Amino acid sequence: MPRSKMTGAQAVLECLKREGVDVVFGLPGGVLLPLYDAIYQSDIRHILVRHEQGAAHMADGYARATGKVGVCIATSGPGATNLVTGIATAYMDSVPMVAITGQVNTFLIGKDAFQEADITGITLPITKHSYLLRSARDIPRVFREAFYIASTGRPGPVLIDLPRDVTVEEIEFSWPELHLPGYNPSLKAHELQVKRAAKALMEAERPVIYAGGGIKFADAHQELVKLAKTLNAPVTTTLMGVGTYPEDDPLSLGMLGMHGTKYANLAIQESDLILAVGARFDDRVTGKIASFAPRARIIHIDVDPAEIGKNVRVDIPVVADAKNALSALLGQIQPKPRSAWNAKIEGWKKDFPLKYIPDMNVIKPQFVIEKLCELAPEAVITTEVGQNQMWAAQFFVHKDPRKFISSGGLGTMGYGFPAAIGAKMGCPDSEVIDIAGDGSFLMNCQELATAVVNDIPVKVAILNNGCLGMVRQWQELFFERRYSATILGRTSPDFVKLAEAFGALGLRASKPSEVEPVIRAALASDRPTIMDFIVSPVEKVSPMVPAGATLSEILELEWCEESHAAHVHGIVGIPGSMEECL
Amino acid sequence: MKHTIAVIVENKSGVLTRIAGLFSRRAFNIDSLSVGATDNPDYSRMTITVEGGEDVLEQVIKQLSKLINVIRVSELQPAESVERELAVIKVAADRENRSEIMQIVNIFRASIIDVSARSMIIEVTGDVEKVDAIVQLLRQFGIKEMARTGKVSMVRGARVIKV
Numbered sequence: 001m002p003r004s005k006m007t008g009a010q011a012v013l014e015c016l017k018r019e020g021v022d023v024v025f026g027l028p029g030g031v032l033l034p035l036y037d038a039i040y041q042s043d044i045r046h047i048l049v050r051h052e053q054g055a056a057h058m059a060d061g062y063a064r065a066t067g068k069v070g071v072c073i074a075t076s077g078p079g080a081t082n083l084v085t086g087i088a089t090a091y092m093d094s095v096p097m098v099a100i101t102g103q104v105n106t107f108l109i110g111k112d113a114f115q116e117a118d119i120t121g122i123t124l125p126i127t128k129h130s131y132l133l134r135s136a137r138d139i140p141r142v143f144r145e146a147f148y149i150a151s152t153g154r155p156g157p158v159l160i161d162l163p164r165d166v167t168v169e170e171i172e173f174s175w176p177e178l179h180l181p182g183y184n185p186s187l188k189a190h191e192l193q194v195k196r197a198a199k200a201l202m203e204a205e206r207p208v209i210y211a212g213g214g215i216k217f218a219d220a221h222q223e224l225v226k227l228a229k230t231l232n233a234p235v236t237t238t239l240m241g242v243g244t245y246p247e248d249d250p251l252s253l254g255m256l257g258m259h260g261t262k263y264a265n266l267a268i269q270e271s272d273l274i275l276a277v278g279a280r281f282d283d284r285v286t287g288k289i290a291s292f293a294p295r296a297r298i299i300h301i302d303v304d305p306a307e308i309g310k311n312v313r314v315d316i317p318v319v320a321d322a323k324n325a326l327s328a329l330l331g332q333i334q335p336k337p338r339s340a341w342n343a344k345i346e347g348w349k350k351d352f353p354l355k356y357i358p359d360m361n362v363i364k365p366q367f368v369i370e371k372l373c374e375l376a377p378e379a380v381i382t383t384e385v386g387q388n389q390m391w392a393a394q395f396f397v398h399k400d401p402r403k404f405i406s407s408g409g410l411g412t413m414g415y416g417f418p419a420a421i422g423a424k425m426g427c428p429d430s431e432v433i434d435i436a437g438d439g440s441f442l443m444n445c446q447e448l449a450t451a452v453v454n455d456i457p458v459k460v461a462i463l464n465n466g467c468l469g470m471v472r473q474w475q476e477l478f479f480e481r482r483y484s485a486t487i488l489g490r491t492s493p494d495f496v497k498l499a500e501a502f503g504a505l506g507l508r509a510s511k512p513s514e515v516e517p518v519i520r521a522a523l524a525s526d527r528p529t530i531m532d533f534i535v536s537p538v539e540k541v542s543p544m545v546p547a548g549a550t551l552s553e554i555l556e557l558e559w560c561e562e563s564h565a566a567h568v569h570g571i572v573g574i575p576g577s578m579e580e581c582l
Numbered sequence: 001m002k003h004t005i006a007v008i009v010e011n012k013s014g015v016l017t018r019i020a021g022l023f024s025r026r027a028f029n030i031d032s033l034s035v036g037a038t039d040n041p042d043y044s045r046m047t048i049t050v051e052g053g054e055d056v057l058e059q060v061i062k063q064l065s066k067l068i069n070v071i072r073v074s075e076l077q078p079a080e081s082v083e084r085e086l087a088v089i090k091v092a093a094d095r096e097n098r099s100e101i102m103q104i105v106n107i108f109r110a111s112i113i114d115v116s117a118r119s120m121i122i123e124v125t126g127d128v129e130k131v132d133a134i135v136q137l138l139r140q141f142g143i144k145e146m147a148r149t150g151k152v153s154m155v156r157g158a159r160v161i162k163v
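Chains as they are written, first to last, in our numbering: chain A, 1 to 582; chain B, 1 to 163.
Don't read these hints as lab results, they were simulated from the structure.
A couple of the hints might just be wrong.
Each pair of labels, with its calculated beta carbon distance range [stated by the list, open to error]:
(1) 33(A) / 88(B): 49 to 59 Å
(2) 29(B) / 222(A): 23 to 33 Å
(3) 374(A) / 29(B): 50 to 60 Å
Mimicking DSS-like on lysine-lysine, the simulated pairs with C-alpha atoms at most 30 Å apart in a straight line are [said to hold, decoys possible]:
(4) 17(A) / 12(B)
(5) 111(A) / 12(B)
(6) 62(B) / 68(A)
(7) 399(A) / 355(A)
(8) 199(A) / 62(B)
(9) 336(A) / 399(A)
(10) 310(A) / 144(B)
(11) 62(B) / 288(A)
(12) 66(B) / 288(A)
(13) 344(A) / 355(A)
(14) 188(A) / 66(B)
(15) 90(B) / 310(A)
(16) 66(B) / 68(A)
Please read these numbers as outputs of a predicted model, since none were measured by experiment.
Beta carbons: idealized from backbone N, C-alpha and C, even for Gly.
For reference, chain A alone in the conformation it holds in the complex (with noise of 0.2 Å):
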């Protein structure tokens, strides 16, 4: 291979190139100049970001939307401890992804020099791996295992701390092999346990296959339906996993655990076997632990060994990427046909399904989201956290993988937004929407500056009840109404004029008859678009598995007392405010 000279900053740009970077989203600073100075002449598109956080978010949207690596940037000491949450939200939901970060010159590590933090040492527990750079000798051999480890097994986000003297360092540029000796990502299933779990599903009289975001990483969701289809088996998926089985067939059981539906927690707590794919028995899917499933067998496929028998008692253990060992399962299974199993369920289906109050005066939440749905049946879904994200993953109805992005394991709010702009960069053909909450959007709003500067025309959705609404929730239900710190009211601001403010468009429905006029705007609009949806303050997330309660312990809460339906209106004020607002 030919050798050319160059500098630290530009052969960190020419492994980008060589790894199929063709985006960044970034913030520069003072150690950064010499990248920002190699970035500036290169065609690599750098997306400038308001908050570090955003671009962590960003670079997390874009992996989750294209699979591929996404890359964010920030300076040295608080623009590396800006991007914190957003490695920790990409390393809990294990995204792929590179953070760069600035650091002082090396000559200064330790000295507690301007803007400098030991960013290593913070993101140890939330990186899959992490570099400090001492040579720009070792950039190329850094990116690429980077890369690579960041991408592969179960993925998850790499950090590289790049300090100031080493990006003006000279060097020859080779671009080494890969050599990991203590990185071996076990992807082939074992054949005999492939047998014994195709063996046991054979067997198995009520099988459910509950299905995680290791479907989505491993692209086994084609796979995954088939096998489905071949046992006859129901599918219940985390919300990681939304998506991977479409929502609209017949043996799909929708989400399963707290907020699921109540037909996927019965289904799983009367189940004598279940295959578990890419998921990792969470604390929110899994309910009592101790109560959980009393009557399965569980068959658990991950390609992270430690997730096997991490939460619960596994009986077939499959080491595996997802897609190769349905893959192996699918040779080994027969067509099994319908049975009392899917009759029942069926019969669950008929008496408990999704459901809410409509009301012809106030908007309900979930009215929102099935319009969208209705309207926008294509359309990649971010989230927030809290209702709205249970709301977006319950009554929108999912049917590709990529296309629920939303933060599962450290439930982040602040996440959609800037996840949003990502994923439309990853797919600009795409209409993009994040269902936001009115607390969580203001999170990271400032990236409305972002989207508007570089034309990324993501649509926001504010479910706008005036309210913390899940915290909420759990104090109307837990805590005797005591509402503390939760009831936002009239001190969130105007949404429209705050849109109309950096520039993109603002529309707002508060009564039910213009929520479809207004979703027909924003989609209609190329420009960045929020759409403002005076809700419900009083409706929550229904059903609901109490922390620490078994799965079949699943309250119905859509019923709201008229009485005290009254009594938050008088706390938020919202009938006043909504006036204001028209």
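Once you've looked at the hints, dock chain B against the given chain A.
What follows is chain B alone, placed relative to chain A:
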């Protein structure tokens, strides 16, 4: 229940931090940890003693194996391996009790590596129980200072932990 594991790691800066960080983040209890060179300068070897049931041990091994700089992790069964720890113990010693201390040192095949008018430093090598036992006996004279290495361990016979 205590378990002993040998961990071969890349000899790079920050590796010890990653391992220690993993134990604290996952709430695993480290009893002792020793680290030193191997025959290959690229790798170091750690011997870690952890407290916990079989499920904890399984998680410790799996989580350690996930670290990029960790080359190999293996459990050492006490019955199939030899273990040693070194301790140096500074004991208050004067004319009155010096010979009594020397008797104890002899019984344990330990050695005296420093003597002064009011103190002695004793070096002892052995398995953890032996070191515990001599420490217990020396306590009556007054232990002024003690440093223990934590144990190192190796499988008996020709079997090796391959890198």
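Any hints this thing doesn't respect? Which numbers, in order?
Going through the list in order, the structure violates hints 2, 10, 15 and respects the others.
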